[in-house]
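Please model the complete structure; the sequences and the hints are all you need to start from.
As given, the protein sequences belong to chains A and B, one line each in that order.
Letter 266 of the first sequence, counting from 1, is numbered 266 in the working numbering, and no numbers are missing.
Letter 125 of the second sequence, counting from 1, is numbered 564 in the working numbering, and no numbers are missing.
Hints are computed from structural coordinates only; laboratory data are not their basis.
Any given hint could be a false lead.
[As the list claims (entries may be wrong)] Which stretches of chain A does chain B cover? Using the computed rule of at least three CB atoms under 8 Å from a CB of chain B, they are:
hint, stretch
1, 49-55
2, 182-196
3, 217-226
4, 230-241
5, 349-362
6, 370-376
Where is the CB? At the ideal position from N, CA and C, for every residue including glycine.
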Amino acid sequence: MFVDMAAEFAAGLRLPDVPAAVMSRSSETVVDTVAVTLAGMSDPAVADFAVRMAGDSTNPTTRLLGTQLRADPMWAAVVHGMAGVWHDFDPGNRFAGGHPAVHCVPAAISTAAGRRNSGKQFLEAVLAGYEIGARIGRGTTLRKGMHPHGTWATVGAAVTSAVLRGFDASGIREAMNVATSLTIASSWKAAFEGATVRNAFAGAGAASGVLAAELVEAGFTGERDGIATVFGGLSGTDWNPDAASEQLGDRWEITFGYTKLLASARYVHPAVDALLDALGAQSVTAPDIERIRVRTFAFAASMTEVDPPNPLAAKFSLPHAVAAQIVLGEGGIDAFEPPALEDPDIRALARRVEVVEDAEMSRRTPNERPAAVAVHLRDGRVLEAERSLPHGDESPVSDAALRDKFIACATRLLAADDAERLHDRIRDIAAVDDVDDAW
Amino acid sequence: MSPASTGIAALAAWAAGTRLDEIPPEVLDIARLVTLDTIGVALGGSEAPQIHRLADRIGAASGPATIIGTPRRGSAHAAALINGTANTWLDFDSGHIPPPGEPLLPAGHMPVHVVPAALAVGEALGSPGAAVLAAIVVGYDVAARVGISSRLRAQIHPHGTYPAMGAAAAVARLHGLDHTATAQAMAIAMGLTLVPSFENGYQGAFVRNVYAGYGAHVGVIAVHLARAGVTPESDPIGTLYGGIVSPWHDPELLLEDLGTRWECTRGYIKPFPSVRYGHPAIEAARSLVDGGAVGTGSIQRVLIETYDLPATLTERDPQTELAAKFSLPWAVASMLVRHSAGPDDFRAVEDGAVRAVARRVEVIEDPQMTAQTPQDRPARVTVWTDGVPHTVEVDRSAGGPDMPMPAEEVIAKFRSMADRVIGPTAASAVVDEVLRLESVADVAPVAGRLAAAT
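Written out as structure tokens, the structure is:
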């Protein structure tokens, strides 16, 4: 049974046995997740919610990142999970089909609060939860219309929380079986509409991971194979334990994860990267462009909204992402905030972006996520480029790029020198004695 | 911000705008009894050691809301989480019955979501009893309407699903949110619908008991999210209940007779702490005991013939208290051997004499009985003692709208659980206060009485 193998793997995972490349990818993933969580904490709605949850806490052990607030561990996980996905800038994994890190890292921060866990234990727990979460994602086909946040990655968060508590394999298995029934019916339509409840899905998942481990410590039990029940017939339709367990212990899922350098849905990134390739060093401005044609795989090609009503919806709009990239020269958080949405140049150019599905490209997913862009200039020239994967997927982003991303995110809340110090501490989190001090 | 769908907007406008004096007195009579019953089963459930350990871990010495049956307190959402969990521990809580002519489905249990959320928030805010009672009535109503206008997939347990929207409606009302903000909170809660497995119940896995508490706490948190400016999907009922967790949804049924047909009057109060559709067989067994058929003599064989749903409850060897509640052989054997099937009987799941009889119980579906549903929900129990068969047939179990549990029995059920947890003085005061809830100035002292002495 996958749940047994997974629990044994998580209980036996020791950092000294982990290949160096995996170690380094793990700490990069933590740095990236903390970065985007800080960025999310700067949003007024998240900040307001954080104040409410901290104010309602009776055991406020967990520091809310980037603030002086503390909250109960579960409520801190809700806030952090929600903040982590707020700008759709968080690390993901295309083979898993979702975002394990942003569930596991908040669960780890909350569980470690007051437990004096070392940075090594923290990394070990995040890696264990990431691996198991991503593998459940590999084996799961969610029902049509479902979004991954708050679903299988919740079970990964439970593994993270269980490992940090020092559970043995049977305790970890129990936490997984408890957590599967605390997953939600996450809706994709919420994301397309730009409803920010979409971000609460991840918060709920991170918190349920902590809750599941808490329940097991209190004597609660779960069914024998919750993963098969829930992902085999309730929220999933075709649970595949072989896909989930393939090369467990040899192949590290975290090394297939990506770091986003654009604050939008991953599906639109191949097109934006192809656009940048097509433009190269040439200086092209919106008035030079007659139209832009994007060919891409089916799911990305469905993201055609020309006038997205809000920031989250804009992140799922290929026309907006492409137009903002040209008008603003960037695809970070501000390219999707209200001023960008109201920018008449972006709106006008977005209407000149045509998006079509290329069936052959659709067949190449998930190994590739292809896009081809043709920029038709008013002078008659056509600038073209094609990519099979977005930047950060075929090779990890550089240390410098990740550091820049962290600083850009963190300085939305913190002073520059505080942001740099925080980055340096977390980049070397394995050296921290009490991970609580890292934040 | 997405505009709310017609359905949720209409439910929210009604939930936020209905005045207590617009709710008919006979509806309030039932609502007060259901509230009392819900608090009682939480007190009974709070005796589980897991509840105390959870309260120790998540609760604190002080906080705005009582964690029922424990000395701990917590935030309103923490209290809602744990109290809602205690609420379903005994499987003794009341549920909603689909309207006549509709197929029988696992019932949605609105009170174990709406009452813990409304009580915890009412305590934290110091709300008057009248506000809490009205919040419970409207919260129950709007959530039940999602249940009857959809068909939750069979293996999804209804706890933690749509009833959470009722908790959000009740909490929004206590916070005085207008109809727009109420719709936001309800739609957010709907978006956080759990997908919990029914299998946990059959296997007696205790996470089943957390679903309702989870849904109750979602109701509280959804209001925080809405007030913070988080936006919901425009039509989460359509997306989730017309596709993802339920393949069918009828938007007209959702709003049918809103304000004239009161859903809380279409529930049942359980006479036995076990799965509802097993109750006709337990009642038949009780008649056999009361009639002296199994007074002496050893029980050689038991045959239970019943309609389709309970005919699936065939486990003869349940391993936990919760699993025994989903085992018709065990529940009927308890009645035959212990002459009782109450909370303490199910706690004694390892009773060898009951287990010996449970192993001799056969459960089969009688297709003719299945054809009689949903008007009747029959069971026929035959017991062979000394080679002689004794048979009793029951058409429907008591406790539903057609055979409501009399108020004095609801009170006796409450006292049987409350007295030993909070003492007879506090229990008696709570009965008095809940049965005149609209005249209570502040529910905080009432909720405070539900704490166990330190």
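We went through each hint and held it up to the structure:
no., hint, result
1, 49-55, "holds (count 3)"
2, 182-196, "holds (count 11)"
3, 217-226, "holds (count 9)"
4, 230-241, "holds (count 4)"
5, 349-362, "violated (count 0)"
6, 370-376, "violated (count 0)"
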